[in-house]
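Student: Next come the chains, spelled out residue by residue.
Number of protein chains: 2
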Amino acid sequence: MPSEFGLIRQYFTRPSADSGVLLGVGDDAALLAPPVGEVLAATVDTLVAGRHFPEATSPAAIAHKALAVNLSDLAAMGATPRWFLLALTLPEASEAFLSEFAAALFALADAAGIALVGGDTTRGPLAISITALGSVPPAQALRRSGARPGDGIYVSGTVGDAGLGLREALTPGETGLSAAQAAYVRNRLDYPQPRLALGTALRGRATACLDISDGLAQDLGHILTASGVGAVLDLEALPLSPALRALPEREAWRLALTAGDDYELCFTLPDGLTPPVSPDGVAVTRIGTVTAAPGLALRCRGERVEEELSGYRHF
Amino acid sequence: MPSEFGLIRQYFTRPSADSGVLLGVGDDAALLAPPVGEVLAATVDTLVAGRHFPEATSPAAIAHKALAVNLSDLAAMGATPRWFLLALTLPEASEAFLSEFAAALFALADAAGIALVGGDTTRGPLAISITALGSVPPAQALRRSGARPGDGIYVSGTVGDAGLGLREALTPGETGLSAAQAAYVRNRLDYPQPRLALGTALRGRATACLDISDGLAQDLGHILTASGVGAVLDLEALPLSPALRALPEREAWRLALTAGDDYELCFTLPDGLTPPVSPDGVAVTRIGTVTAAPGLALRCRGERVEEELSGYRHF
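Top line first, the protein sequences correspond to chains A and B.
With the UniProt record's numbering, the residue at position 38 of the first sequence is 38, and numbering never jumps.
With the UniProt record's numbering, the residue at position 30 of the second sequence is 30, and numbering never jumps.
These are calculated hints, taken from the structure and not from any lab test.
Each residue gets a CB set at the ideal place from its N, CA and C atoms; glycine is no exception.
Be aware that a few hints might be false.
What the hints assert, rightly or not - Here's a subset of chain A near chain B, in silico, CB distances under 8 angstroms, partners left out:
| hint | residue |
| --- | --- |
| 1 | Val-25 |
| 2 | Ala-29 |
| 3 | Ala-30 |
| 4 | Pro-35 |
| 5 | Arg-51 |
| 6 | Pro-91 |
| 7 | Ser-94 |
| 8 | Ala-96 |
| 9 | Asp-120 |
| 10 | Arg-123 |
| 11 | Gly-173 |
| 12 | Leu-247 |
Said to hold, decoys possible - Some chain B residues flagged as far from chain A (calculated, every beta-carbon gap over 10 angstroms):
| hint | residue |
| --- | --- |
| 13 | Arg-14 |
| 14 | Thr-43 |
| 15 | Arg-123 |
| 16 | Pro-125 |
| 17 | Ala-127 |
| 18 | Pro-138 |
| 19 | Ser-145 |
| 20 | Glu-174 |
| 21 | Gly-176 |
| 22 | Ala-180 |
| 23 | Gln-193 |
| 24 | Asp-211 |
| 25 | Ala-283 |
| 26 | Thr-291 |
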């Protein structure tokens, strides 16, 4: 069986075209030159088998998701992806796993323009922890704390798909979806698309922004808390895919509000400001308004409704 | 049971005094301003329970070691520690574990001047993955690739202690050590001291440097390979603690050459250059000489000896 060094060399060492990389994989640490005039955005996320993805998930999907969720955090800050470090814990040094994993990892890395600059491969229960580093002009970074009463609340793409995809993954066929819809929601679960182009387009415009990992209601709640404001959401405005629209309306809304893993951006814009057209064509929908009164209120066609909302709990 | 957010807030959120931290724990990513004129040094290391530390290791020792091994990588680059991100996977959200873990983590972080700026807490088999970021003037960073024939080879502190400590941890009492010596080698295993002051003192002087995590022979081999040189080591020059000296000489040398986890620095200096006195008082010992002929040769009191050498294998 190849040694750690052999494995890392074989699958994870590639020459870097990024001029900001003075020294990549292979020394005690990478040496990196951040762009002048920008600050670093740094984030870490771990995926554990059986908890963040079903055990039967393909190596390609695991690799994609492990990097995508970190890129999504950079997108939510309006940051440009630069470099990442991979801590990979594997039950065994399987070449089949590693080759498929590495191919998918680098496919997304190349698409996002992010370079692998360091890593650590250890033996143990399957888990992937990635630290992603990006850069952004400091005054244009998108924080959670700037939402103001009257701001419009927006979300990218459609919400609730990944939640329905998880249901389909755990109980195949029982969701009543067509084969095409089932494939669509599984793809949304396994291959989230970080909204990097939208994040960059929101620089200096959005008053607050984050990505939806734990459910729209819970994550929007973080913006409200950090900004010291409240919000009213219009349920009929929630952007739903055809797969979600095939469900009873209340069930679809419930998934849209509480299911995690969508990795869409939720952001606020000052009243009157039109959302930017994202270069990658992802749709943006206004779903509500920031209020001075605290708390998250739900409205359906103008009428107030009550819903018990809770997002994904990590523990 | 508290939520992930509650746990992170309670134990891992502290106001940062570091002016380089524009935004710390609590947003999608931290925002960090590296010192002007320096480049980033970035490294990641994962510790898995039962593999990198015995299952019975205390939360304090686990926390210390998880951060120390990363700080040791920064020391080996000559970098000043700046920020770190913690990916913590726990079987359960135990307050007893977290409070002891956090106290030890911050004790070492404060001593090293490094600030926690991000993290992710997940449920799963115990594992700790830390990404450490430091900074260093680019021309002064200590790489592995600059050793030249004739350079002296040096090592800090004493070597082999952690290997003996692991033996003592796995088979208590069977090593024949005195109680004081047993406690000493256990401490060397559980509480490695990153040689940060020495690393900084070596800036612009050492032609190559790394930290000893997998065994002196194997790690020195990385310098030799990266630099395209060989070396001769004088066994009788290896710096050994009294605990190692209590062993038969050959066994002590074997541990010193092949046991990992010492986290001492191994470096090369041009012939005639005196090693700097480390501000923290750690001793530095010359143990050999870089040669043009490839390979690692061992000498004992001037006579060539043959040893089968292999360090720690991660897989």
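Student: State for each hint whether it applies.
Tutor: Checked hints:
| no. | hint | verdict |
| --- | --- | --- |
| 1 | Val-25 | 11 angstroms, violated |
| 2 | Ala-29 | 4 angstroms, holds |
| 3 | Ala-30 | 5 angstroms, holds |
| 4 | Pro-35 | 11 angstroms, violated |
| 5 | Arg-51 | 6 angstroms, holds |
| 6 | Pro-91 | 11 angstroms, violated |
| 7 | Ser-94 | 11 angstroms, violated |
| 8 | Ala-96 | 15 angstroms, violated |
| 9 | Asp-120 | 5 angstroms, holds |
| 10 | Arg-123 | 6 angstroms, holds |
| 11 | Gly-173 | 29 angstroms, violated |
| 12 | Leu-247 | 28 angstroms, violated |
| 13 | Arg-14 | 17 angstroms, holds |
| 14 | Thr-43 | 4 angstroms, violated |
| 15 | Arg-123 | 6 angstroms, violated |
| 16 | Pro-125 | 4 angstroms, violated |
| 17 | Ala-127 | 6 angstroms, violated |
| 18 | Pro-138 | 6 angstroms, violated |
| 19 | Ser-145 | 8 angstroms, violated |
| 20 | Glu-174 | 26 angstroms, holds |
| 21 | Gly-176 | 31 angstroms, holds |
| 22 | Ala-180 | 33 angstroms, holds |
| 23 | Gln-193 | 16 angstroms, holds |
| 24 | Asp-211 | 6 angstroms, violated |
| 25 | Ala-283 | 21 angstroms, holds |
| 26 | Thr-291 | 22 angstroms, holds |
Violated hints, listed in ascending order, are 1, 4, 6, 7, 8, 11, 12, 14, 15, 16, 17, 18, 19, 24; each of the other numbered hints is respected by the structure.
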